[in-house]
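So the protein lines, in turn, are chains Z and H.
First residue of the first sequence: 1, per my numbering; consecutive thereafter.
First residue of the second sequence: 266, per my numbering; consecutive thereafter.
Be aware that a few hints might be false.
Each computed SDA-like pair below joins lysine to any residue, with the alpha-carbon atoms no more than 20 Å apart [claimed, not checked]:
id, chain 1, residue 1, chain 2, residue 2
1, Z, Lys-170, Z, Ser-217
2, Z, Lys-39, H, Met-974
3, Z, Lys-26, Z, Asn-115
4, Z, Lys-39, H, Met-555
5, H, Lys-718, Z, Pro-177
Non-contacting residues of chain H with respect to chain Z, defined by C-beta distances greater than 12 Å in every case (computed) [unchecked claim]:
id, residue
6, Asn-315
7, Ser-357
8, Ala-613
9, Leu-842
10, Ala-852
11, Lys-863
12, Glu-886
13, Thr-917
14, Gly-918
15, His-945
16, Gly-959
17, Asp-963
18, Met-974
19, Pro-1037
20, Pro-1040
Quick caveat, the hints were computed from the structure, so don't treat them as lab data.
Glycine included, every Cβ here is placed at the ideal spot set by N, Cα and C.
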Amino acid sequence: MYQFNYQKAGSQDDAVSALSSAEDGKFLAGGMTLIPTLKQRLAQPSDLVDLSGINDMVGIQDGGDSITIGAMTRHVDVANSDVVGSKIPALQHLASHIGDPQVRNRGTIGGSIANNDPAADYPAAVLALNATVITNKREFAADDFFDGMFATNLEEDELITAIRFPVPEKAGYAKFPNPASRYALVGVMVAQTGGETRVSVTGAGQDGVFRASDIESALSGNWSAEAAKGVKMSDDGLNSDIHASAEYRAHLISVMASRAVDAAG
Amino acid sequence: MSATGIGASIKRVEDLRFLTGNGHYTDDINQLDQSHAWILRSPHAHAKLNSVDTSKAAAAPGVIAIFTGADMAADGVGGIPCGWQIHNKDGSPMAEPGHPALAVDKVRHVGDQVAIVIAETRDQARDAAELIAVDYAVLPAAIDMDTALSGASLVHDDAPNNRCFDWEIGDRDATEAAFAKADHVVSIDLANNRLIPNAMEPRAAISEFDRSTGRYTLHTTTQNPHVIRLLMGAFVLQIPEHKLRIVAPDVGGGFGSKIFHYAEEAILTWAAAKVHRPIKWTAERSESFMTDAHGRDHETHADLALDKDGKFLGLRVATKANVGAYLSTFGSSVPTYLYATLLAGVYATPAIYAEVQTVFTNTVPVDAYRGAGRPECTYLLERLVTKAARDLGMDPVELRQKNMIQPDQYPYQTPVALEYDCGDSPATFASALKASDYAGFEARRGAAEKNGKLRGIGISTYVEACGIAPSAVAGALGARAGLYESAQVRVHPTGSVTVYTGTHSHGQGHETTFAQLVSESFGIPADLVEVSHGDTDQVQFGMGTYGSRSLAVGGPAILKACNKVIDKAKKIAAHILEADVSDIEFADGKFTVVGTDKEMAFAEVSLAAYVPHNYPIEEIEPGLDENAFYDPLNFSFPGGAHICEVEVDPDTGHVEVIDFTAVDDVGRVVNPMIVEGQVHGGLAQGVGQAVLEGCVYDADGQLLTGSYMDYTMPRADDLPNFSVSTQGVMGASNPLEVKGVGEVGAIGSPPAVINAIIDALSPLGVTDISMPATPNKVWQAIQASSVRQAAE
């Protein structure tokens, strides 16, 4: 890893001002992607601004018809949360299957969605559950937040502070892991919230997480595993690599969607 | 018989050290005034080195020195040698192009060494390495074997068509005659997938040069310190043995990949005398993927001739084997004498002919990896025999039984050089069929079908040859070294014992198993025995640990030395007990005068040996410390039967290994728990090869599986609870009656897994699946065959 300046922010304002004054600074959340990238010398930031000391970015709040999760809340805390478990069990299930115990003990929800890895789990939850991404500047609707692989509509000095998930009527998540990395080769979240059906897909798309409108249509009229499985997805725009062809990923989307519906009940 | 002797499942003495983080590995060692090295490696698979400009890097902070291939060449440093010479069909020797430790005119694989930067810190060395300006003229890469054999781009100018050798074994005419009279011929084409070893500990080394004595010391992660001393000292750096000490401390796994003499060892040792500072180097995990010798990588076509009753008449095999960019230490022996000499397998096939071409490519060298040649052979035979059963509509169990070598046929001379000394394949096969409830399989298949899963069962019956021996035979086949082993058994005055062995333990538990041999021999508790290995200044000599040789070859050396100790101790006891030595008996740790109650404990005799007040000093010397060398009569031939059951999810192509039964004949078992652990580890690697692991280079020679993000290592949740047992015919080639166990799991298991997957998919019309059987591949096979079925 190259040399960099390390700064630990005590508040959101501290973090933003530290980043603004840095030549080429980066926020450090759980570091589950950034630290390995630095170790491989694939990035050379001048400064890392560590967010782990900002207390008001951690925690899970029950808002009745929604749950708000602080951006620096670790995956393990979401996985162990009774509030999440009782209101959005699919989200708890998703969090409990991210990476391995070491990753879940360090990785954060804010870090995950800000990074928008095309095979990460949380972006699928944000999109399917129609969550609101809250930053120090504004609120994003889920559909407006992600902007392609490893890209979001966040500004340089914009900091995700929390994510608000409306409580759905039903939701389910099914992941087919990459055999090597155990990231999602294809992960599908299905949800019905306020009468609306949303289906998101991670792992498969060249542009990162996306909504599978064909499956949404199929499930809107007939919420059943068979309906999801019956949708023949196009392989346009899907990834093809040594682990899976685009055709195979397209097939897996329907299969995982049907399993997610089963899980949702 | 001792409670901690042969046959006791005592806990490994190594475990406390390893499980509590108290191992002492190379990277744990720091020398006074040590410097740090970074190796600059080629990003290209094949390129001409126009120039290497180190001037800017040399001025970087902390840099002590930078050396390139030109510097080593100017010093007359030799190339990295190959340890086994193979001859072509026409009798000419194999192509053996030079292998400079640091590249001189060309780089030949991604990761090839270009320069070493030595600095005060590792980060400074790495920073400086980024400032080295290398002018590469990129050349077309030869990656797959067929492209390489076309000779369009030559890895080495002196190896036409990139062929290393074209070798044959067996009787071609007899085999052709067998095919001419055959009722059936069954053919198969298959690949044995290339694997990346992935020892837990990456390679590392620390070199030192003492200018006041002219002595070099190299701590290195090797499986065979004396072999490294011999190869590097004699062939590369011209340092005589007494001025070169090699130490292999705790080593965190090898699986073959740490047998070989690697360029970094020579570069560091040479450079230590240039900078007069100790130099430390530890590979990054990425470097391990890129530069540790890989395993397997065969492509084979084979034909089996059968008569109308299914009796095997002949076997014809043509194999292409990738040796990578350079011949690694044993790269030439693995696809020849460790592979094709086993093509009889467990079967009495009367005529066999095999030809093997080896191919240079712009990939990292390929060499021995757990099993080394025998997994490739077993995979071929057991896939082919299973295919024969299916094609001819015969039962795969009966077809095997009909053709197996019977117990009364041993010693059995195969048509491909080896003579199997003993074995009983029908017996282990019968036990495995019973243990796996083979007969009840169809009910389990039916139950799986109700859950939407395709269940299949697969068989592999195998024999392997390990503990290569005797030295004279190995030498006649081209080995450039002997393959004996040495031991020293030093009894201390109070009766405790230190054993020095020339083998090396890097996870196998030798410190326990070898102590049990001494415990058995001397009738003392195993915890009075310490086993020392790995330091050429302590151990007289040794050939190291690979090819499941340590117990079969190193064990008898220890036994011989123990017997020498007992012989001497009897003389001491006879003197003190005032009896004739022929009347002294040794049992249960006591020397007794036959027919009397006069006795001396082992420790009383050892004390007398070192405090020789009442001692036969005119007849024997004081002390109780004996050496032995042991060269076995033959290889040892473990074997057995593996039966695997899988379930395939037809919606996703995911394969779950549900059950795995292994019945292995490893001869006498010294520590059953360690044997079970060795089999478990081998099975994990075999299942890994079958369904998970596969090295992929792209057409330009970039390693696509260069990290755990893309290379699938087997994990606990990929594996079932194994059912393993041993059933031995006592080994006939060594006095301990042991056979090797370290590799059997990896040798026997892959075809059992693949045969099970094909069996599961056979109702859909699938007849072939290659390793690794990834979900993507299995799903595509299902699609292709469903499509075909629909079309029909």
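Structure-based check of each hint:
In summary, the hint linking Z:Lys-170 to Z:Ser-217 is supported, as the alpha carbons are separated by about 16 Å, within the 20 Å threshold. Only pairs whose Cα atoms come within 20 Å are accepted, and Z:Lys-39 paired with H:Met-974 is accepted, the gap being roughly 15 Å. A threshold of 20 Å between alpha carbons decides the hint, and for Z:Lys-26 with Z:Asn-115 the separation of about 11 Å falls inside it, so the pair holds. Between the alpha carbons of Z:Lys-39 and H:Met-555 the distance comes to roughly 17 Å, so the proposed pair stays at or under 20 Å and holds.
Distance hint between H:Lys-718 and Z:Pro-177 is fulfilled; the C-alpha atoms sit about 19 Å from each other, no more than 20 Å. With a minimum CB-CB distance of about 25 Å to chain Z, H:Asn-315 clears the 12 Å threshold, and the non-interface call stands. The beta carbon of H:Ser-357 sits about 39 Å from the closest Cβ of chain Z, which is more than 12 Å, so the claim that it is off the interface holds. Distance to chain Z confirms H:Ala-613 as a non-interface residue, since its nearest Cβ pair spans about 40 Å, more than 12 Å.
At the 12 Å boundary, the C-beta of H:Leu-842 stays outside the reach of chain Z, the nearest C-beta of that chain being 64 Å off. Against the 12 Å criterion, H:Ala-852 stays outside the reach of chain Z, whose nearest CB is about 54 Å from its own CB. With a least beta-carbon separation of about 64 Å from chain Z, H:Lys-863 lies farther than 12 Å from that chain, consistent with its non-interface assignment. Listed as a non-interface residue, H:Glu-886 keeps its Cβ farther than 12 Å from every Cβ of chain Z; the least gap is roughly 59 Å.
For H:Thr-917, the requirement that its beta carbon stay farther than 12 Å from each beta carbon of chain Z is not met, with the minimum near 6 Å. Under the 12 Å C-beta cut-off, the non-interface status given to H:Gly-918 relative to chain Z is violated; the minimum distance is some 8 Å. Taking the minimum C-beta to C-beta distance to chain Z, about 21 Å, the non-interface status of H:His-945 holds against the 12 Å cut. Annotated as non-interface, H:Gly-959 brings its C-beta within 12 Å of a C-beta of chain Z; the closest such distance is 8 Å.
Its beta-carbon lying about 9 Å from the closest one in chain Z, H:Asp-963 breaks the requirement of being farther than 12 Å from that chain. With a cut of 12 Å on Cβ distances, H:Met-974 falls inside the contact zone with chain Z, its closest approach being about 4 Å. Here H:Pro-1037 does not stay apart from chain Z, with its beta-carbon only about 9 Å from theirs, under the 12 Å limit. Residue placement check: H:Pro-1040 does not keep its beta carbon more than 12 Å from all beta carbons of chain Z (closest about 7 Å).
Consistency note: the structure conflicts with the earlier hints numbered 13, 14, 16, 17, 18, 19 and 20.
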